[in-house]
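*Asks:* The chain contents come next:
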Amino acid sequence: MSDAPKPESAPDAQPPVAQREAEPAAPPAEEAPSRTGDPGEQSPAGPGPLAHEEAEPAVPPPAGSTSPPVSPPVSNARRPLVKRHHGIVRAAHWLNTFLLSGMIASGLQIYSAFRHFGPRGGPYWPNPWDDKVFPQWSRLGGWLAGGLNWHFALAWPFVLTGVAYLAYMVLSGEWRTILFRPRDVPRAMQMQLYYLRLRREHPPQGKHNALQKGAYSFIFLLGVLSVASGFAIYKPVQLAWLVTLFGGYELARFWHFWFVFVFIVFTLLHVALVFLVDPASLRAMITGWYRGRFPSHD
Amino acid sequence: MTDRRLSRRDLFRLGLAAGPAALASSCGWDGGPALVPKLRAVSRLNDWVGEKVLLSSTRLAPQYPIRRRTPARNFPAYAQSHPLPVPADPAGWALEVGGLVRRPQRLTLAMIEALPRVTYTVKHHCVEGWTAIATWTGAPLSSVIAMAEPTGEARYLLFRTFDAGYSNGWDFKSAMHPQTILAYAWNDLPLTPAHGAPLRVYSPLKLGYKLTKYLSSLTLTAERPGGFWEDLGYPWLGGV
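Each protein sequence line maps, in turn, to chains R and F. First residue of the first sequence? That's 1 in our numbering, and the numbers climb one at a time after it. First residue of the second sequence? That's 299 in our numbering, and the numbers climb one at a time after it.
Quick caveat, the hints were computed from the structure, so don't treat them as lab data. Bear in mind that the values here come from a model prediction, so they are computed numbers and not experimental data. Keep in mind that a hint or two might mislead.
Said to hold, decoys possible - In silico DSS-like cross-links for lysine-lysine, where the CA-CA straight-line distance does not exceed 30 Å:
1) F:Lys471 - R:Lys235
2) F:Lys471 - F:Lys336
3) F:Lys336 - R:Lys235
4) R:Lys207 - R:Lys83
5) F:Lys350 - F:Lys471
6) R:Lys235 - R:Lys132
7) F:Lys350 - F:Lys336
8) R:Lys235 - F:Lys350
The task is simple: from the sequences and hints, build the whole structure.
*Replies:* What follows is the structure, encoded as structure tokens:
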């Protein structure tokens, strides 16, 4: 998920529209040095003072050339190539596409064994898939035991990926670019106003805008909740405290299942927004290098 | 425009990545002969974690008031044999306790009923995902094991049945738990054939398929015994 054009990177203020086109045009250096600035805190949100927040940590000119100041060209090809995502983040991202697909597919297989929520014999809780079997192509494992073995095997790399990602975010300080904090609330509202075309200029942002921060913080939390509810229904007696947290075994199973659909909706939106708003971000998530219109660091 | 070329190429890359993912999750695939053994190996690792890390010898499963019992008609009962299995000689039925023990036992139902009595109303967890609450009454399995005096090599238990060869292997830790019993009553009445008469294993610490019905013998072993569903691929420990 990324966003629409915004005034960015221009070392000095220009009228927003022109500014959007005015990028520091470093020559298409293939290996522009990655990052300079430390992901630091931003100044408070608001249309005015923020105009400069964007001043992107300057990308140092490639060795042997001098940095051209500001020049008009716009196409991404003329933008500097900057390092946007660390290898750990990219590995975690793509591993998750496989692991989560497998977790969901094996989960749908497990669901087939008891296709209701709530007490045995009913009344069953609201569920559009009550008593329905998911199509065979969507299930992994072949039968209940196979689904369970896949689910409990993939859970290991899924959890370890999450732990590695979290450790990297915390230790590198990159968490600041993702974690949605109270001060992001007004920023997110501004961003939403911009998307609704009630605000003209794209609010300034760092690596991610406030809505993205909200989305990415939320989806990580959802991952944590999925794992926690999964453990609750895996060992409901040994982990009784966890079961209590989710409101009992049957409710924990209910939530565990519903989280899946939030993941699916998130992923569809996520992929759609990548292509609609910032296709260059796909390359950044694959190779780590980004040549696009948004800053790569806070 | 460069932008467009970039996005098309990336789209193509994404397609390459999505292909195997779609294939892997398609067609109700179980993993095939190459992966199924590996999945079972991970399942053994999960058994180890379940027994050594997560299972507590003293933590008790919560008990429920009798009014929370699941109506009898909603409490499913599975058996391998159809019609329901009955002992060859109901009057002469007894539980044989043997294997790595110093004092093999032959326990009649009357002898088991004379042992200390445990009654609890607990939640039953089925591997399928449903739960049901019922009251179970029986003798602690640990008392029966103590009577037989296991030798030092005994590490596992094997329950055999008169139900078409159904059996289950158990770990010692779960077997010695105070809530693991040899049950002879269900909801205050003697076990019915549907629920495993005359004697079955019950424990709120394990999934239903580990709670062996129609018991005929208990054997203590040094090697990890398999079991009916376990050998087909279900998790061996089956702890909850």
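*Asks:* Each hint should be assessed against the structure and marked as holding or not.
*Replies:* For each hint, the structure was consulted:
no. : hint                : in the structure
1   : F:Lys471 - R:Lys235 : 16 Å, holds
2   : F:Lys471 - F:Lys336 : 26 Å, holds
3   : F:Lys336 - R:Lys235 : 23 Å, holds
4   : R:Lys207 - R:Lys83  : 11 Å, holds
5   : F:Lys350 - F:Lys471 : 9 Å, holds
6   : R:Lys235 - R:Lys132 : 26 Å, holds
7   : F:Lys350 - F:Lys336 : 21 Å, holds
8   : R:Lys235 - F:Lys350 : 13 Å, holds
Taken one by one, the earlier hints all hold for this structure without exception.
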